[in-house]
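Novice: So the protein lines, in turn, are chains A and B.
229 is the number that the numbering used here gives to position 245 of the first sequence; each next residue is one higher, with no gaps.
181 is the number that the numbering used here gives to position 197 of the second sequence; each next residue is one higher, with no gaps.
Keep in mind that the hints were calculated from the coordinates and are not lab data.
Don't take each hint at face value.
So the derived label-pair ranges between C-beta atoms look like this [to be verified]:
(1) K43(B) / K152(A): 40 to 48 Å
(2) M119(B) / K152(A): 31 to 39 Å
(3) M119(B) / D27(A): 22 to 30 Å
Think about it this way: if two alpha-carbon atoms lie no more than 27 Å apart in a straight line, the pair counts; the simulated DSSO-like pairs of lysine-lysine are [stated by the list, open to error]:
(4) K21(A) / K(-12)(A)
(5) K294(B) / K(-13)(B)
(6) K(-13)(B) / K152(A)
(7) K42(A) / K125(A)
(8) K3(B) / K125(A)
(9) K125(A) / K(-13)(B)
Listed next, the stretches of chain A that the computed footprint assigns to chain B, with coverage defined by at least 3 CB atoms under 8 Å from CB atoms of chain B [as the list claims (entries may be wrong)]:
(10) 34 to 45
(11) 81 to 94
(12) 113 to 123
(13) 237 to 250
From the three backbone atoms N, C-alpha and C, an ideal C-beta is built for every residue, glycine too.
2 protein chains.
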Amino acid sequence: MEKKLAVIRPAISDSEQEKIVLAAHDAGYTPVFLDPKNVSESDYMDAEIIYGEGAAAKKAAAESDVLRWLCASFAGVDAFCRPGAFRNESTLLTNSAGAYGVSLAEHAIMMALMMMRRMPVFEEGIRNRRWLPPMPQDSIKNSVITLLGTGDVGSCLARRLRGFEPAKIIGVCRSGRCREPAFDEIFATDRLKEVLGETDLLIMSLPATVQTKHILNEEMLSAMHPGAYVVNVGRGNTIDEKALSAALNEKRLAGAALDVMETEPLPEDSPLWDTPNLILTPHVAGNLTVDYTRNRNTEMFCEDLLRYAKGQPLLHLVDRTAGY
Amino acid sequence: MEKKLAVIRPAISDSEQEKIVLAAHDAGYTPVFLDPKNVSESDYMDAEIIYGEGAAAKKAAAESDVLRWLCASFAGVDAFCRPGAFRNESTLLTNSAGAYGVSLAEHAIMMALMMMRRMPVFEEGIRNRRWLPPMPQDSIKNSVITLLGTGDVGSCLARRLRGFEPAKIIGVCRSGRCREPAFDEIFATDRLKEVLGETDLLIMSLPATVQTKHILNEEMLSAMHPGAYVVNVGRGNTIDEKALSAALNEKRLAGAALDVMETEPLPEDSPLWDTPNLILTPHVAGNLTVDYTRNRNTEMFCEDLLRYAKGQPLLHLVDRTAGY
């Protein structure tokens, strides 16, 4: 039987394709390259390995009995960790967490600065050709920053924020442990409320799990001071949007910026559209739109492909019980 | 005769006022605190020292014969370096360059990321409640960054941009020398054109002088590649706006972001309002609107006040021939 590898990934460049062809050859596989938006079942249902995304990846997981390894070209694999997501429970699942941190960190820092520097107000002025006077602005310098999530994204953020001379950078994660030296302090999630009391800027980059659902709820928001800012580039359901919207409407927070929401695209009747001091972006903080992200994504798959062929443990294996 | 110090500065906090009162007492001066927007000539024309800004500072420089030291609470003192700006040519002139770098660097990085991440397009979508799909984005990571101006602003920028893992950070300045270790390379201004050829992101923070006027002109712009970005947080007349507008209209540049323009407020008929891929802000990158900037500004004046009283050389003296 031919050993088939189906690559169902958007925005793949010639040089990435070449890398995959070479790695596949070394590993003994014949790759086919498919467009995730225009692919028919017969092209991938016989593949032993799938690297990619979209409805095809989901369908293959749920229905294929020859699929032995699915490498998701994205990071948020919560949907693939639910019971029944795979026809064959022993199919290996890896993801591409580690490729998106750079892009997500840049997006989060941009949004934090836009809020602190009152950019939406100045932009509205410029659109109306009005030259607004200076107004009070905040700064990352001397701010207490809390990064909720200390994985690839949190670590990329901590390293980038260091140079802005914050008062301190606190990491909060499940284990309360993290090796990244750019953090000043690390706490376990059960200390979150206490940490939020001294936080000026909270940036969230958590996966969607049972434990993280609505982790930023009314109780946590009420621990924050009215000059504080919230940014979320992780998963939408980690924030209770009603509670966030209320806090912003009642000026209990200075601002929030969300790239992810509980339902995407954001429904027409969502109160978030009209919430003051809220910046929204349509889930574009981390996509295969930045050269570095695409190349790193490809490299990570190729690394694991060679390991798979040799029977070695995969580097980017998802812990399906944890959900990430 | 009473030794009078007039403080004509906006947004002065109680703690700053207290610092100035203490330093003035030690130096043997009686400070008066005046509102730059509502001050009468008789309040400051008899002052030996003025710390501040606005029309009053200009008038005192031009007309007072008792003024011995003017400390400008801003950085761009070009208007005070012109012949005739001072009635008494021996009046000392200091400025507050060094207080604004943090704020200007944050603003410049915010604007660079907004361009690279296509933020204006996504913002327009959100305003119209449209959920736009991802589109190609650029990243600071692996970009060649040129900082034209390596003083306080350029150095603050270099230290902050380091963590974003650019390909390299090049500094360009008059002397071709700079002690800040966050730069990878430093060139003198006569190498600018050559440096621009490899630049992905140019950030300008130059003072307004005879040498810097229209330093970014058609010749220099034509050396840049069509994927490059320009940010200016220095002085407006360092860019030939007609040439910049043409380059953007003809897609010879990917984007530009200006906090400063040749004429401010921007005239109603300026072509910049309608230039594509151009982000404008109304000269708000560095004002006395950020706590850190205000406090540092006050500290710098107090340092020099004590030195002035002891007859020591002032730390923040302006080189009136150079213009900064």
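Novice: It remains to establish, for every hint, whether it holds in the given structure.
Specialist: Verification of the supplied hints:
1. For the pair K43(B) and K152(A), the beta carbons lie near 45 Å from each other, so the given range of 40 to 48 Å is met.
2. Here the CB-CB span from M119(B) to K152(A) is close to 36 Å, well matched to the stated 31 to 39 Å.
3. Checked against the hint of 22 to 30 Å, the C-beta distance between M119(B) and D27(A) comes to roughly 27 Å, which is consistent with it.
4. As the CA atoms of K21(A) and K(-12)(A) are separated by approximately 20 Å, the hinted pair is consistent with the 27 Å bound.
5. Distance check on the hinted pair: K294(B) and K(-13)(B) sit about 14 Å apart at the alpha-carbon level, within 27 Å; holds.
6. A distance of roughly 43 Å separates the Cα atoms of K(-13)(B) and K152(A); the hinted pair therefore is violated under the 27 Å criterion.
7. Taking the CA atoms of K42(A) and K125(A), the gap is near 44 Å; set against the 27 Å cutoff, the hint is violated.
8. For the hint linking K3(B) to K125(A), the alpha-carbon distance of about 21 Å falls within 27 Å, and the restraint holds.
9. Straight-line distance between C-alpha atoms of K125(A) and K(-13)(B) comes to about 37 Å, which puts the hinted pair past the 27 Å bound.
10. A count of 0 residues in the segment 34 to 45 of chain A with a Cβ less than 8 Å from any Cβ of chain B is obtained; the coverage claim is therefore unmet, three being the minimum.
11. Residue count for the segment 81 to 94 of chain A with a Cβ under 8 Å from a Cβ of chain B: 6. That meets the three needed, and the coverage hint holds.
12. Coverage of a stretch by a chain is defined here by at least three residues with a beta carbon nearer than 8 Å to that chain's beta carbons; for the segment 113 to 123 of chain A and chain B the count is 10, and the condition holds.
13. Evaluation of the coverage hint for the segment 237 to 250 of chain A: fulfilled, as 3 residues show C-beta separations to chain B shorter than 8 Å, against a requirement of three.
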